[in-house]
Amino acid sequence: MTDSPKPPDPSFAAAARSALDALQFNADAIATRLGGRPQIIPREQPRLRYLTRDATPLDVAIRLFMLQDEVPRPAVERALPRGQLDRWRDAGLLDVQETGVVARFAIACVYGLRIVYDRPARGHPPSDFVVGIGRSSQIGIRATPRKPIGSALEIGTGCGGAALMLARHAQRVVATDVNPRALGIAAFNAALNDIHSIEFRAGSLFEPVAGERFDLIVSNPPFVVAPEREFAFRDSGLGGDAFVERLIRDAPLHLLRGGHCVSVANWIEPQGTPWQEKLTRWASEGDTLFVRMDRFAPDDYAAVWLAETLSPDSPEFEASWQRWREYLALLGVEAIGGGLIAQCAGALPARAWFLDGVRDLDDEGGARLAHLLEARAHLASLDDRAILDVRPRILPGLVIEDTVVSRGEGWETSSAKLVLRHGLHLSLPIEPGVANLIGRCNGERSVREIIATLASDHSLPAESFAPVAIRMVRTLIEKGAIAIELRAEAA
Numbered sequence: 001m002t003d004s005p006k007p008p009d010p011s012f013a014a015a016a017r018s019a020l021d022a023l024q025f026n027a028d029a030i031a032t033r034l035g036g037r038p039q040i041i042p043r044e045q046p047r048l049r050y051l052t053r054d055a056t057p058l059d060v061a062i063r064l065f066m067l068q069d070e071v072p073r074p075a076v077e078r079a080l081p082r083g084q085l086d087r088w089r090d091a092g093l094l095d096v097q098e099t100g101v102v103a104r105f106a107i108a109c110v111y112g113l114r115i116v117y118d119r120p121a122r123g124h125p126p127s128d129f130v131v132g133i134g135r136s137s138q139i140g141i142r143a144t145p146r147k148p149i150g151s152a153l154e155i156g157t158g159c160g161g162a163a164l165m166l167a168r169h170a171q172r173v174v175a176t177d178v179n180p181r182a183l184g185i186a187a188f189n190a191a192l193n194d195i196h197s198i199e200f201r202a203g204s205l206f207e208p209v210a211g212e213r214f215d216l217i218v219s220n221p222p223f224v225v226a227p228e229r230e231f232a233f234r235d236s237g238l239g240g241d242a243f244v245e246r247l248i249r250d251a252p253l254h255l256l257r258g259g260h261c262v263s264v265a266n267w268i269e270p271q272g273t274p275w276q277e278k279l280t281r282w283a284s285e286g287d288t289l290f291v292r293m294d295r296f297a298p299d300d301y302a303a304v305w306l307a308e309t310l311s312p313d314s315p316e317f318e319a320s321w322q323r324w325r326e327y328l329a330l331l332g333v334e335a336i337g338g339g340l341i342a343q344c345a346g347a348l349p350a351r352a353w354f355l356d357g358v359r360d361l362d363d364e365g366g367a368r369l370a371h372l373l374e375a376r377a378h379l380a381s382l383d384d385r386a387i388l389d390v391r392p393r394i395l396p397g398l399v400i401e402d403t404v405v406s407r408g409e410g411w412e413t414s415s416a417k418l419v420l421r422h423g424l425h426l427s428l429p430i431e432p433g434v435a436n437l438i439g440r441c442n443g444e445r446s447v448r449e450i451i452a453t454l455a456s457d458h459s460l461p462a463e464s465f466a467p468v469a470i471r472m473v474r475t476l477i478e479k480g481a482i483a484i485e486l487r488a489e490a491a
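In terms of this note's numbering, the sequence shown is residues 1 to 491.
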């Protein structure tokens, strides 16, 4: 384990931005140079080094800040503005050695931003290690509603990427972290991207914002269920999933009425009880939607997270895996669930519901989550008669996939599932007959008219279809398979 480098000097951020602009160190230019947007993983590195063999200024930047290579000093001096190498060194971004120059930090170009973070560690990283924008960060960013708002809070900002995204649509942003190095790196990233509307504060959970309320709260917290507090980015030190529980219970108290909170999370699914039971107790105020995207057996969970910081073939890995396994068994863990928790303040009484089968989300995911929360609240105010006047519509990217089998006398549908690849990418099993109802949801017909059409097709009275159709419509709206125009319906 080595000591962490100090965060870069924010006073040098403008000069660094100008130099990176001159190098064309941005996502589009990098993708053009490398033939796409590659993963920086060991098996890709020989190919990427070959593609950057000409040592153009952009090649030099790619090798320094993405591949973490040592680059000969003359090549770096040619790439940077004249006389700037020593300034990059003094600012803490580059280390000038006898044999060449290496970067002290990695830089990623994502979401139109440049994000500085700690170089991938060789061996065991330090406890105050600051990671870049990984999978969980990307999920949180995509799940965030992006309508213009007055104020936003990020808890556990890390390198600051999500806070910088918030600054694009929030007039004021507060970003917190318990790790002073993370706050320093996040502050440099804000300056590097010429963003000045973020206030960085030290502290855990809602301590730094006591008494304040926000339109939007987001968090990719230290949610990992681990036996010790080893890394600030991963471990809360509260034991089990207590940190996430406190976050979810307290978030509505810091939201303005109608405000949203979106958190990436892991949670314990205890042995012998439905996974929804414990989580329901966390939803003490407002509407809370639990979106399960992952489910890990305890042994697999330990291996996945330990592989982030330890070599799987090391003796330390096996000993740590055994310690994690024993800890999870002591907690009575059947599985570890993971995904998103979205909340909306203002609903009384508190309501919790669950969405399983979500595998991914795209840049429309935040808008879809916000719509689901609002639709759920609206549905709670509608009785069955009112549901008949709702005009549901199919979402873009929705398909129904049938499984057909032969019984020896031709083919017949044995099962069907609804697949959505827009916003929330989900897969839901449905009864084959539901396809006829969904296919008629064009946003123009009311549920009453759809029922009448189905009844006519089957030469049956509409009253026989109504109870089942109303129940299906409610379920499909809550699951995000079909949508309703909330303002029009409310009117």
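Hints listed in this document are in silico derivations from the structure and should not be mistaken for laboratory results. Be careful, since some hints might not be right.
[Claimed, not checked] DEER-style ranges, computed between Cβ atoms: (1) D3 to D360: 15 to 25 Å; (2) L460 to E412: 13 to 23 Å; (3) T273 to D300: 40 to 50 Å; (4) D360 to R168: 16 to 26 Å; (5) R385 to R323: 51 to 61 Å; (6) A27 to A329: 18 to 28 Å; (7) E308 to L460: 33 to 43 Å; (8) E444 to P180: 51 to 61 Å; (9) R323 to E401: 23 to 33 Å; (10) T413 to G211: 51 to 61 Å; (11) L256 to P81: 42 to 52 Å; (12) S284 to N442: 34 to 44 Å; (13) A329 to H169: 12 to 22 Å.
Note that this is a predicted model, so its numbers are computed, not measured. No residue lacks a Cβ here, since even glycine has one placed at the ideal position from N, Cα and C.
Evaluated hints:
1. Between D3 and D360 the Cβ separation comes to about 38 Å, which falls outside the hinted range of 15 to 25 Å.
2. Between L460 and E412 the beta carbons are some 21 Å apart, a value that agrees with the proposed interval 13 to 23 Å.
3. A beta carbon spacing of about 21 Å between T273 and D300 contradicts the range 40 to 50 Å that was offered as a hint.
4. At about 23 Å, the beta-carbon gap between D360 and R168 stays in the expected band of 16 to 26 Å.
5. The beta-carbon spacing between R385 and R323, approximately 58 Å, falls within the hinted interval of 51 to 61 Å.
6. As the Cβ distance of A27 to A329 is approximately 44 Å, the hint placing it in 18 to 28 Å is violated.
7. Checked against the given bound of 33 to 43 Å, the beta carbons of E308 and L460, roughly 58 Å apart, lie outside it.
8. Look at E444 against P180: about 57 Å separates their beta carbons, and that is inside 51 to 61 Å.
9. The hinted window of 23 to 33 Å between R323 and E401 is violated, with their beta carbons roughly 43 Å apart.
10. With their beta carbons about 58 Å apart, T413 and G211 fall inside the hinted range of 51 to 61 Å.
11. Take L256 and P81: their Cβ atoms lie about 46 Å apart, and the range 42 to 52 Å holds.
12. Look at S284 against N442: about 39 Å separates their beta carbons, and that is inside 34 to 44 Å.
13. Checked against the hint of 12 to 22 Å, the C-beta distance between A329 and H169 comes to roughly 44 Å, which is inconsistent with it.
Checked against the numbered hints above, the structure breaks hints 1, 3, 6, 7, 9 and 13 and satisfies the rest.
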